[in-house]
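Trainee: Keeping the supplied structure of chain A fixed, place chains B and C upon it in accordance with the hints.
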Amino acid sequence: MIPLSWYLVVAALLFGIGVYGVLARKNAVAILIGLELMFNAVLVNVLAFWRYLQPGETAGLVFAVVIFAVAAAEVAVGLALFIAVYRKFGSSDVDDINLLKW
Amino acid sequence: MAFLQDPTLIVEWLRQLLLGWGLSPALTSLALYVLGALALATGPLLWVIFLIWFERKAVARIQDRLGPNRVGKYGLLQPFADVLKLLTKEDIIPAKADKFLYWMAPILSLAGVLLLWPAVPLGKGIGGNVNVAVLYLVAVGTLSTFAILVAGWSANNKYALLGAFRTVAQMISYEVPIVLALLVPVLLARSMNLQAIVAAQDVWFVVAAPLPALIFFVASIAEVGRTPFDLLEAESEIIAGFHIEYSGMKFAMFFAGEFLHAFTVGVLGAVLFFGGWRGPGAEAYPILGLFYLWLKAFLLYFVIVWVRGTFPRVRIDHLLDFTWKFLTPLALVVLMATAVLDKALVRAGAWPRALGLLVVNAVIWLLAQRWLRKVEKRLEPPMVAQPGQYPVARYTPPEPQAAEGD
Amino acid sequence: MVTTFVFLLTAVVMLVAALIAVLKDNLVHAAMGLVVTLFGTAVLFVLMEAYFLAVAQVVIYVGAIAILIVFSIMLTRRVGAAWGAQTNPTWPFALLVAGLLTVLVTRMVRAWAPDQVLPAAAAVPADITARLGAALVDPNGYVVPFEVASVLLLAALIGAVYVAWGGRKAEKETHK
Chain A
1 MIPLSWYLVV AALLFGIGVY GVLARKNAVA ILIGLELMFN AVLVNVLAFW RYLQPGETAG
61 LVFAVVIFAV AAAEVAVGLA LFIAVYRKFG SSDVDDINLL KW
Chain B
1 MAFLQDPTLI VEWLRQLLLG WGLSPALTSL ALYVLGALAL ATGPLLWVIF LIWFERKAVA
61 RIQDRLGPNR VGKYGLLQPF ADVLKLLTKE DIIPAKADKF LYWMAPILSL AGVLLLWPAV
121 PLGKGIGGNV NVAVLYLVAV GTLSTFAILV AGWSANNKYA LLGAFRTVAQ MISYEVPIVL
181 ALLVPVLLAR SMNLQAIVAA QDVWFVVAAP LPALIFFVAS IAEVGRTPFD LLEAESEIIA
241 GFHIEYSGMK FAMFFAGEFL HAFTVGVLGA VLFFGGWRGP GAEAYPILGL FYLWLKAFLL
301 YFVIVWVRGT FPRVRIDHLL DFTWKFLTPL ALVVLMATAV LDKALVRAGA WPRALGLLVV
361 NAVIWLLAQR WLRKVEKRLE PPMVAQPGQY PVARYTPPEP QAAEGD
Chain C
1 MVTTFVFLLT AVVMLVAALI AVLKDNLVHA AMGLVVTLFG TAVLFVLMEA YFLAVAQVVI
61 YVGAIAILIV FSIMLTRRVG AAWGAQTNPT WPFALLVAGL LTVLVTRMVR AWAPDQVLPA
121 AAAVPADITA RLGAALVDPN GYVVPFEVAS VLLLAALIGA VYVAWGGRKA EKETHK
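Protein chains in written order, with the working numbering: chain A, 1 to 102; chain B, 1 to 406; chain C, 1 to 176.
Worth flagging that the hints you see were computed from the coordinates, not collected in a lab.
Among the hints, erroneous ones may be present.
[Claimed, not checked] Calculated cross-link-like contacts (lysine-lysine; reagent style BS3-like; alpha-carbon spacing at most 27 Å): (1) K99(B) / K24(C); (2) K89(B) / K57(B); (3) K85(B) / K57(B); (4) K96(B) / K73(B); (5) K26(A) / K325(B); (6) K26(A) / K24(C); (7) K89(B) / K158(B); (8) K57(B) / K96(B); (9) K26(A) / K377(B); (10) K377(B) / K325(B); (11) K85(B) / K73(B); (12) K343(B) / K377(B); (13) K88(A) / K26(A); (14) K99(B) / K89(B); (15) K158(B) / K88(A); (16) K24(C) / K73(B); (17) K89(B) / K73(B); (18) K99(B) / K158(B); (19) K24(C) / K343(B); (20) K73(B) / K57(B).
[Said to hold, decoys possible] Chain B stretches covered by chain C per the calculated footprint, using a threshold of three residues with CB under 8 Å from any CB of chain C: (21) 125-135; (22) 145-154.
Just so we're clear, the structure is a prediction, and the values are computed from it rather than from any experiment.
For every residue, glycine included, the Cβ atom is placed at its ideal position computed from N, Cα and C.
So here's chain A without its partners, still in its complex pose (with noise of 0.2 Å):
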């Protein structure tokens, strides 16, 4: 069986290359991409855990369900606002949103 760690490894990269993401780019839609990332790692990690740890309980996978649902309402409100924000600004890098008001 693959031990604990390899799983805790790829999440950790999967982690680091979200956080790159989120941090370097432009596109507002690009950073919600890197967020993604981010959820998927930390998903990856939670039910690690739960296979090697607790695989007899629910509650790693319980913990897993929360965050798809956390998830799904990040992305539909994430993407309302860049939506929002095209037809105000007509652009979509957040350096372009440099406004407090209009």
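Mentor: Below, chains B and C without anything else, positioned relative to chain A:
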């Protein structure tokens, strides 16, 4: 002839044969898996060739034409001629297309349909035995949506992109009633395993759940994108939609994917609502179950073709209204009613339970119809072309008649 | 043996796709990279015998979230328009932060190194999905988080519609 009673013997025989050739057990298992996958992928694809002939012939007869009748007896060889034509056609890739995605889209489209098959139980003990099969069907369905989005984008064509947007809006919307309708058989069988769902159908679920069956069927036709919901390729509005730039074999893959998807809808409908492989003698001879499943699926497929030959295309806003304002609420109500009543009748036998649910379905249908009549009166009047005016996007309703008093 | 091979293959494909997702200037390609990563995660879930969540991952992430992302990328661009650079000028700092974080976490995991201790985890019970379903609606289980999640989803739904709609004025302008 023992394999008639237990088709797994064929697998056993093959395994012994391969082992006899000196292969290692692991390699043998791998070879058997590959063989199974090949059989499962090739069978449906060959079947599509016949489906194309059948559909063309059937639609032709509905429209009072002869249909293909030149190549071979009854035009049976027509699809082969079509395939030859498509194979020898020039394979055009638009200059500014996104090459990689352009190549991926047809493959994804066909894969999205073929991947549905492993979950389908083909007979007692044969075919899919996936634990979360119903959810799996929904998951795989998203692949075809993706294929269309990718195809529309990568071709770098305005109409293709418009077609793709329309299609994705349509497919995502219709997925909601499909999932809700799928939940009813799951509820009745108390399992997401399709084998268990088939096994639970001592009384076909279509008796206990006629409305979900209807919703599933209608929404699936929309999901496949067939007339009357074929807005993705409305020739008069957006030419050919998302596959406008595709030619040759790549187009053929979309085409085959669509036909196979329509038949697969028939198969899934048969499995979920019409007892799957069940029929006289199917328990003892699983091969017979395969035949029953095929027969039921084919009948359902015929209804799809029939609908295609009969109904005109609906308008895009009507299409979306239909799912969000009618199918989805209806599916929700039926699901709730089924859940409550099923729990109440849990001690009753199979038939009383089914009949009780049937009555509830009928009541809901009558109420829905009454509601529809009410809405119909408030709806816009039919589109009439005014002189000097386009009857397309905007039209002025005729002058209001004598006031009825609000 | 086979599992190890599948795991390594999936991990490599996933990470390469994730890199594509954050590095490519062409955002549609980046989104496709995200899709491949999401599928890879689903494969990892299968390896961990969380079949229900693997399929749910595909339904929710690939079927809904990724499609929404691709949709909004495509909606906010002209077909064939050039993409231009998609990275901030400060990307080296981002690289530094992300790299440091990754190295630290990886080192921490290696130092903790439970791989010698834990490989023989107990088997997953066959009815785990049924138990998950029961636990989600069990008053002594997780019914509160479940309901909170549903309220959150409802709030997000209404909020998203309200924000993206932009009122009747915006609607009139788009339909002009």
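Trainee: Does the structure keep K99(B) and K89(B) at a Cα separation of 27 Å or less?
Mentor: 19 Å, holds
Trainee: Hinted pair, alpha-carbon criterion (27 Å max): K96(B), K73(B). Please report holds or violated.
Mentor: Judged against 27 Å, a Cα distance of about 44 Å means the pair is violated.
Trainee: Take a quick look at whether K73(B) and K57(B) sit within 27 Å of each other, Cα to Cα.
Mentor: The hint holds at about 13 Å.
Trainee: Just to be careful, I want the Cα atoms of K26(A) and K325(B) compared with a cutoff of 27 Å; is the pair within it?
Mentor: 39 Å, violated
Trainee: Mind checking the alpha carbons of K99(B) and K158(B) for me, to see if they're no more than 27 Å apart?
Mentor: With Cα atoms ~17 Å apart, K99(B) and K158(B) stay inside 27 Å; holds.
Trainee: Please verify whether K88(A) and K26(A) have alpha carbons no more than 27 Å apart.
Mentor: Measuring from Cα to Cα gives roughly 17 Å; hence the hint holds.
Trainee: Given the hinted pair K158(B) and K88(A), is their alpha-carbon gap at most 27 Å?
Mentor: 24 Å, holds
Trainee: For a C-alpha distance cap of 27 Å, please report whether K26(A) and K377(B) respect it.
Mentor: Answer violated: K26(A) to K377(B) is near 52 Å, above 27 Å.
Trainee: Run the distance test for K89(B) versus K73(B): straight-line Cα separation, threshold 27 Å.
Mentor: 26 Å, holds
Trainee: Within a Cα-Cα threshold of 27 Å, do K89(B) and K57(B) meet the stated pairing?
Mentor: Given pair K89(B), K57(B) holds - Cα atoms ~24 Å apart, limit 27 Å.
Trainee: Is K24(C) close enough to K343(B), meaning Cα to Cα at most 27 Å?
Mentor: 53 Å, violated
Trainee: Are there at least three residues in the stretch 125-135 of chain B whose beta carbon sits under 8 Å from a beta carbon of chain C?
Mentor: Holds, because 3 residues of the stretch 125-135 of chain B bring their Cβ atoms closer than 8 Å to Cβ atoms of chain C.
Of the numbered hints listed earlier, those contradicted by the structure are 4, 5, 8, 9, 12, 16 and 19.
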